[in-house]
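I would like the entire structure built from these sequences, with the hints used as guidance.
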Amino acid sequence: MEQNLWKHIIAVRQSSPLVHNITNFVVMNTTANALLAVGASPIMAHSHAEVEEMTSLCQSLVVNIGTLDDYFVDAMLLAVQKANEQKKPWILDPVGAGATSYRDAVLSQLLAHNPAVVRGNASEILALAKANSTATKGVDSTAKSDEAVDAARFIQQKYGSVVCISGETDIIVSQNQTVFIRNGNALMTKVTGLGCSASAVIGAFVAAVAAPAEAVAAAMALFSISGELAARQSNGPGTLQVLLLDKLYTLSEQEFNDSLNIRYA
Amino acid sequence: MEQNLWKHIIAVRQSSPLVHNITNFVVMNTTANALLAVGASPIMAHSHAEVEEMTSLCQSLVVNIGTLDDYFVDAMLLAVQKANEQKKPWILDPVGAGATSYRDAVLSQLLAHNPAVVRGNASEILALAKANSTATKGVDSTAKSDEAVDAARFIQQKYGSVVCISGETDIIVSQNQTVFIRNGNALMTKVTGLGCSASAVIGAFVAAVAAPAEAVAAAMALFSISGELAARQSNGPGTLQVLLLDKLYTLSEQEFNDSLNIRYA
Amino acid sequence: MEQNLWKHIIAVRQSSPLVHNITNFVVMNTTANALLAVGASPIMAHSHAEVEEMTSLCQSLVVNIGTLDDYFVDAMLLAVQKANEQKKPWILDPVGAGATSYRDAVLSQLLAHNPAVVRGNASEILALAKANSTATKGVDSTAKSDEAVDAARFIQQKYGSVVCISGETDIIVSQNQTVFIRNGNALMTKVTGLGCSASAVIGAFVAAVAAPAEAVAAAMALFSISGELAARQSNGPGTLQVLLLDKLYTLSEQEFNDSLNIRYA
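For the record, the sequence lines run as chains A, B and C. Residue 27 in numbering that gives the first Met the number 0 sits at position 28 of the first sequence, and the numbers go up by one each step. Residue 64 in numbering that gives the first Met the number 0 sits at position 65 of the second sequence, and the numbers go up by one each step. Residue 231 in numbering that gives the first Met the number 0 sits at position 232 of the third sequence, and the numbers go up by one each step.
Rather than coming from a laboratory, the hints here were simulated on the basis of the structure.
Which stretches of chain C does chain A cover? Using the computed rule of at least three CB atoms under 8 Å from a CB of chain A, they are:
(1) 29-35
(2) 38-49
(3) 52-59
(4) 244-255
Heads up, the beta-carbon is just placed ideally off N, CA and C, and yes, glycines get one too.
Okay, structure coming up:
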């Protein structure tokens, strides 16, 4: 079923949701700016003494394990439990899933608290599924891209999360539908933390939009189209990072509709 | 009494004060760049093993509680005590005052060490005054904007600090004068940490200028005018963040005088 | 002996080395972007639970003590030991050497693990040599710039590291040769963390190039020339930071050869 995604972009701009982020040091500044650019209000706080109170103040929570350590992980666990208790959606960005056994152990702990959305690249989603599958064969498939979709479906079914595989084509797997968005530009992979920023923006959209799968599709469409249009005016990754923020802020309905390359399955 | 604020901008550029910052993770990079752009030299250090030695090397100290935790708070307390012992000015940026009880408790501890300057937005200054007033009625007033000025006056009188309420109009409350600066641009609220950068720049000015209230007025005028001129050339928050740094670095006396919109009361 | 440095720039772009960074909070974002712009892949991780595993995954390690504390220092020590065990090169950026006794003590511990490369400014290299010399006179010399070269030579001989003194002229001291590169632009000192970014880029080059001294020369030449060309198009430090990333990504062999100002001694 086709969706009117533009109205969700307007909903975020108008409702300006407060988004609690427990994220990595590399991207704190850039994800806060991405949230502001789409019309949301970012909060970053991790002290155990206040992290639950902060989650309570916000409409959604984004957990990103990029530069995790034990203190941050405990803060994340406190926050996701509070979010679930208050029926607020939370987003998991499994940065570097599969890279170390510590990451995989932490991710299993977090997944057990049923994130509303998981967003990662294909290798992260594959690693997540593999580490959390009890089947001896784990998740497998013949074709590489199909494999990631199967992994996403596995996570979706086991934890109830909408799963977004970001890449050249962004794939959003929910219970009833798979959405494919082909926007963006390869130069975006040369700017650090754009995946993390996409996850933060998803946090804003699930706060403002009732249907999580549509919220994720709208967030990814906005982000990828803004990156694609910004890349056309960029001379490299430095200008792209700057112009992407401008475009997230100024993107018009006309630009959005003219650019959107989406397919439903 | 009208002040020649431009000479203070020159004083900072020429003396290049060393400013110790214990600040939040979101803005460490951008505040360091703001300090460099106005001609100061930033130092960021928080280890208990060296934080007092770092304060001793610097001409002023900026404390910003944005992403506070117990370790950082203890570092802040060590540093402000050293600053006071050495009669160096320190600036408090009470990010998120009133949002959690932890923040309010930490702010009370910090305020007790009498910052030379407190800079926050209206709601932060109101929350600070409310949490530190023993009067049963607390700070109150009929009009909202007057209320923040009353709160600032309360903090000024109780702790001896110059208090700056930043917003559409920046209001600087000192013992003998209230200064109103109407520069800046609404787009500045869409870039993360510009308030934090303003506080850091105040740190440079109180290090280089003997009179704290004039130092704060010069810092806020420089910052707001630079933002206002940068916004005219910006296409969104991304370019604004970049062009603001350029303008802080290049602003001329002519541009400053042509733009300054200041009122003394 | 003159070197073909351009081929090393191509080698990094083609091999895309994975570089593990344990660095300071101020520059995590900007150094990650610098690494991406030169074609490398950055990893930032510091948890004791995974830091050795991360080093094992990477081709080199960059250790930068800018905002050090005990937890980060222990992570650095775990990582450098793992790097040495696996014969992977590691780079030391001694930010603020000489500023506090804590920094000097930590730097002595790190130096004892024989970094492949040390990069700092003249005062940092001088402080390093002074703190680690047992001679009563320490390192001394009549002329200031000669003094830093003597200090670099002392560190080179004692620890076997290639030592890079960055400044108006970048000086690279190895066992058999001293290389002088006169590129760059004074505006680069007004952007925070460009020295840290240079160290990170060196990390990418020593991972991809067998000869460490040539790797350092190629990295510094690329970085300084990119800064020099970017500065010509910049209106201040804000645009410089952005355009430097663009230039690191797009620099051509023609631009490189036309700009390179290098001398061997």
